[in-house]
Amino acid sequence: MSTVGLAFKVALVYYLVTLCDNGFLSWQCLTRPIVIAPLTGLVLGDFHTGIVMGAELEAVFMGISAIGGSQAADATLASCIAVAYTILNNTGIEDGIALSLPIGTVMNGFGQFWQPLVYSPMAAVWEKEAVNSPNTFFIKNVCFYAIANLLNSVVLFVAIAFGVVGLNAFLDKLPPFIMRGLGAASSMMIGVGFAILTSMVWDNEIGIWFFVGYVLVAYAHLNTVAIALIGAAIAITLFFSHKRVIDAKNELLAAGVKAGAETGEEDFF
Amino acid sequence: MAKKEFTAQENSVLKQMWLRSHMTFINFSMTKMEANCFTMTLMPALKTIYEADSPEMKDALQRSQSFFNTHAVPLAFIAGLTYAMEKDHAEGKVDTTTIENIKAALMGPTAGMFDSLFFNCLRVIAAGIAIGLNRQGNFLGSVIFILLYGVTQSIAKYLLLTAGYSLGTTFIDQVFNSGLIQVLTKCAGVLGLMMVGAMTAQMVGVPIALTINTGAGEVVIADVINSIFPGLLGVILLFVMVNLIKKGWRPTQLIGMIFIFALVGALIGLF
Numbered sequence: 001m002s003t004v005g006l007a008f009k010v011a012l013v014y015y016l017v018t019l020c021d022n023g024f025l026s027w028q029c030l031t032r033p034i035v036i037a038p039l040t041g042l043v044l045g046d047f048h049t050g051i052v053m054g055a056e057l058e059a060v061f062m063g064i065s066a067i068g069g070s071q072a073a074d075a076t077l078a079s080c081i082a083v084a085y086t087i088l089n090n091t092g093i094e095d096g097i098a099l100s101l102p103i104g105t106v107m108n109g110f111g112q113f114w115q116p117l118v119y120s121p122m123a124a125v126w127e128k129e130a131v132n133s134p135n136t137f138f139i140k141n142v143c144f145y146a147i148a149n150l151l152n153s154v155v156l157f158v159a160i161a162f163g164v165v166g167l168n169a170f171l172d173k174l175p176p177f178i179m180r181g182l183g184a185a186s187s188m189m190i191g192v193g194f195a196i197l198t199s200m201v202w203d204n205e206i207g208i209w210f211f212v213g214y215v216l217v218a219y220a221h222l223n224t225v226a227i228a229l230i231g232a233a234i235a236i237t238l239f240f241s242h243k244r245v246i247d248a249k250n251e252l253l254a255a256g257v258k259a260g261a262e263t264g265e266e267d268f269f
Numbered sequence: 001m002a003k004k005e006f007t008a009q010e011n012s013v014l015k016q017m018w019l020r021s022h023m024t025f026i027n028f029s030m031t032k033m034e035a036n037c038f039t040m041t042l043m044p045a046l047k048t049i050y051e052a053d054s055p056e057m058k059d060a061l062q063r064s065q066s067f068f069n070t071h072a073v074p075l076a077f078i079a080g081l082t083y084a085m086e087k088d089h090a091e092g093k094v095d096t097t098t099i100e101n102i103k104a105a106l107m108g109p110t111a112g113m114f115d116s117l118f119f120n121c122l123r124v125i126a127a128g129i130a131i132g133l134n135r136q137g138n139f140l141g142s143v144i145f146i147l148l149y150g151v152t153q154s155i156a157k158y159l160l161l162t163a164g165y166s167l168g169t170t171f172i173d174q175v176f177n178s179g180l181i182q183v184l185t186k187c188a189g190v191l192g193l194m195m196v197g198a199m200t201a202q203m204v205g206v207p208i209a210l211t212i213n214t215g216a217g218e219v220v221i222a223d224v225i226n227s228i229f230p231g232l233l234g235v236i237l238l239f240v241m242v243n244l245i246k247k248g249w250r251p252t253q254l255i256g257m258i259f260i261f262a263l264v265g266a267l268i269g270l271f
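Chains as they are written, first to last, in the working numbering: chain E, 1 to 269; chain C, 1 to 271.
Because the hints were derived from the structure by calculation, they are not lab data.
Keep in mind that a hint or two might mislead.
[To be verified] As a list, the in silico DSS-like pairs of lysine-lysine whose alpha-carbon atoms are at most 27 Å apart:
1. K246/C to K186/C
2. K186/C to K128/E
3. K140/E to K93/C
4. K246/C to K128/E
5. K140/E to K58/C
6. K140/E to K128/E
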């Protein structure tokens, strides 16, 4: 099949997955690289590459995802394009991974440009709609979203149909150190996502557990399922021992209130 | 937590609300954020409480359109709670300011709590397991990711929606003032950090290719460093970036820095 035909298929998968998840599930799950990359691989005829790239892309984008509406890179578009680049050009997975973050950043810039233009002016319209014609509010929302969501899909179609093969030809002409640098960058870039995650969760009191997880892999070579189970056991134990302290504190407080004593809220942590 | 029996009408309303609460991010705007989903979720409930086109109905719809933003899962909880409060309001027991205030007061804490439970903990675990399987070419990883991170959100939504409706406002005082939320957040953080640490060891690397010729043979610098502490450079890189983030660096700047570092490094033969 021609590149244009394949690009159409990928754009269709992207459209359906984003419509389904962002519109009707809100899981932020099907749009993750680990799901969309295998699907992209499937329609491009190389399921295996899609599955393996899904794992690598998920690692790259793990910490880089939307919280409260702002993000640094569009993981979904980047995954589609990176997989298409790798399969259509028959390059190694590393090249596709190395290109995914810059592509995701550019694509995200595009989204941040058009989304406020389309959705923000609508806010006032929706308010009037909700109050004056509540019966059609639901169906209007669905239709509007179904149309607005087309925009990214069209961009994705154009990018794959007319961009990825040319991009490969261009990169081939560059001196070899550039691709070597991009490859080195890709394994360091995974660290960016993890650094964002770490800084969100980090708390000096519990920071040491990061190294416990690290050591379980680096020295004990355990897999992630085993570590998740060990971690869950530790977290549950910690929760119940803290809970006992809090219960005791609340009982004391309640007793204090009964006795008519004024007790100030203590900060427990 | 006493279980309350729902009437047939309540059950059908709650089911519709549950389905509609899945549209959290539809037509998301920076000005109102998730307000459209909140209106749609609440609408089946409002229709049973107020008469169509009555001024009360219009007021309630207007209320539902105020700015709303939290994690997708507790949206269902707040919607269930608002259902209970609107019902009380129709009976004259709760005033509109209370409804607005409770909604606004719950957005922040629920967002923080569910981000740490679902986004920073369950998602990281699910992705960690899925990445391991997918790397071996096993699609099961993606399926497990959807089950662990996606389907669980829907189940949690249903439980929280019904809990919010049946417990009403009494529940908020109990849970949010008892201090259990902070403990739960912290314990989820322990699990999340362990998984991030584990995946850092698996995936983050600084692939330096330097060798030193000692005369007796070549010494590979990367091997020397890894024999001191496996993946030491990756951990150092990670914590340098954590520090930069705390200093206010944007992710885009970090990505840019790594690209420049990697390209310059490749040019001078470091990588």
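These are the hints, each one checked on the structure:
| no. | hint | result |
| --- | --- | --- |
| 1 | K246/C to K186/C | holds (19 Å) |
| 2 | K186/C to K128/E | violated (42 Å) |
| 3 | K140/E to K93/C | violated (34 Å) |
| 4 | K246/C to K128/E | violated (42 Å) |
| 5 | K140/E to K58/C | holds (18 Å) |
| 6 | K140/E to K128/E | holds (13 Å) |
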